[in-house]
Amino acid sequence: MQEKHLNELLKNETFINYCLKRNKQDINDWEIRIQENPETKAQLEELKVLVLAMGHHAGQKAIAQNYLKLRNLINQGYALKKRYILFFFGWISSAAAIIVLPVFFVFYSLTSNVLRQSLSVIRFLDTYSVKHNVFHKPAGHPENSLIYSAKYRPDDYAFNHVSKVM
Amino acid sequence: MIRLKGSDLKHIWKSFTISEGEDDFYTIYSHYHHYLSYIGYKRYFSEDVVKDAINDVFLYLWENKSDLQTVNNYHNYIITCFLRKLYRKNIIAPEEMDELQDVPIMLLSPSVEDQYIQQGMNGTVIQIVKDHINQLAAKQRNMVYQKFYLGLSYQEIAITNKVSINTVYNTIYKAIDKLKSTITKEQETYLLIAIGTMILFFLFFQIQ
Numbered sequence: 001m002q003e004k005h006l007n008e009l010l011k012n013e014t015f016i017n018y019c020l021k022r023n024k025q026d027i028n029d030w031e032i033r034i035q036e037n038p039e040t041k042a043q044l045e046e047l048k049v050l051v052l053a054m055g056h057h058a059g060q061k062a063i064a065q066n067y068l069k070l071r072n073l074i075n076q077g078y079a080l081k082k083r084y085i086l087f088f089f090g091w092i093s094s095a096a097a098i099i100v101l102p103v104f105f106v107f108y109s110l111t112s113n114v115l116r117q118s119l120s121v122i123r124f125l126d127t128y129s130v131k132h133n134v135f136h137k138p139a140g141h142p143e144n145s146l147i148y149s150a151k152y153r154p155d156d157y158a159f160n161h162v163s164k165v166m
Numbered sequence: 167m168i169r170l171k172g173s174d175l176k177h178i179w180k181s182f183t184i185s186e187g188e189d190d191f192y193t194i195y196s197h198y199h200h201y202l203s204y205i206g207y208k209r210y211f212s213e214d215v216v217k218d219a220i221n222d223v224f225l226y227l228w229e230n231k232s233d234l235q236t237v238n239n240y241h242n243y244i245i246t247c248f249l250r251k252l253y254r255k256n257i258i259a260p261e262e263m264d265e266l267q268d269v270p271i272m273l274l275s276p277s278v279e280d281q282y283i284q285q286g287m288n289g290t291v292i293q294i295v296k297d298h299i300n301q302l303a304a305k306q307r308n309m310v311y312q313k314f315y316l317g318l319s320y321q322e323i324a325i326t327n328k329v330s331i332n333t334v335y336n337t338i339y340k341a342i343d344k345l346k347s348t349i350t351k352e353q354e355t356y357l358l359i360a361i362g363t364m365i366l367f368f369l370f371f372q373i374q
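For the protein sequence lines, the chains are A and B, in the order given.
Residue numbers 1 to 166, in my numbering, belong to the letters of the first sequence in order.
Residue numbers 167 to 374, in my numbering, belong to the letters of the second sequence in order.
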């Protein structure tokens, strides 16, 4: 077979079907043709390999390129999700701040006077116990923190504070 | 190109659903890419639509990988998912699934072609073919893929690429012609080198 004729076979649909084993009729026809012309077998085998190699490499490239697109989609998806989460986290934290801060300020304004009064009472009791040194003993708590803390106070602490409280 | 037996793929699917690794995911992707492409092109969907549908399916699988352990028949699951994406509808008619029986099983079975290529061609020619395919324009390469791998007819390629049959024929003709001439040039170069070496060898002994 001539070179030009052989090259034409690469475009022949029945020959490509024979190479790819796609059509029983074409496979049979070409096998018969090869049996009848055994001298062409080597050249046809070479062409068959060329067809398969072209398909093989084009297929590999197709997969690689499409997978690259998929990888980008996956990465974009992650980026979108991350942005989505951050966006919602921002809104949720803002909403929480809007709710929590007023509640805190209202609570503080309502309770600050009570707290101040309570502190004054505690300070009075503390200074009183230091001054008289017997205030906590009847309760049976010799390790009372107020009494212990009194050890480390300056000597004039009780007098100054008692006079202020009184 | 990764070609696997059904049982191998079953293990890989199981491994993917448990470990959720990307290697297993890529193996499944490359295994199904040709099969799904063939189904899409045979139904005259364009290249972009088919490729997007394949990626939509696998994006869905990737994003829901933790829920895939409950899937028993992964093959039917992937095919149904692909057809849904392709037709953009939730319910696929049974007759649309029946048409899948015409799909050549060789696109899903272990291939002897890869070995055949390795045995039948020397490394230089394989490299030339590979380089040549990489140098082709995307459209041209896709047509070569559709013709020489998927085995679509010239008419089917023309419809899916929205061009005339003559354009398909000419595009593939140019790709083959260039490849053949490259291989011939390469072979001629090797032949010239061999002849030159022989002449030098001969002259050397003549002088002696």
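Among the clues, some could well be false.
Simulated pairs of lysine to aspartate or glutamate, DMTMM-like, Cα-Cα distance not exceeding 20 Å [to be verified]:
id : chain 1 : residue 1 : chain 2 : residue 2
1  : A       : 61        : B       : 297
2  : B       : 351       : A       : 46
3  : A       : 21        : B       : 322
4  : A       : 69        : B       : 214
5  : A       : 69        : B       : 174
6  : B       : 346       : A       : 13
7  : A       : 11        : B       : 322
8  : B       : 346       : A       : 31
9  : A       : 69        : B       : 189
10 : B       : 344       : A       : 46
11 : B       : 340       : A       : 8
12 : B       : 296       : A       : 46
13 : A       : 69        : B       : 343
14 : B       : 340       : A       : 31
15 : A       : 11        : B       : 343
16 : A       : 61        : B       : 229
17 : A       : 69        : B       : 218
18 : B       : 346       : A       : 8
19 : A       : 61        : B       : 214
20 : B       : 296       : B       : 343
21 : A       : 69        : B       : 222
22 : B       : 344       : A       : 29
23 : A       : 69        : B       : 322
In short, the hints are calculated from the structure, not lab data.
All figures in this text were calculated on a predicted structure; none of them were measured in a lab.
Numbered hints the structure breaks, given as an ascending list: 5, 8, 13, 14, 16, 22 and 23
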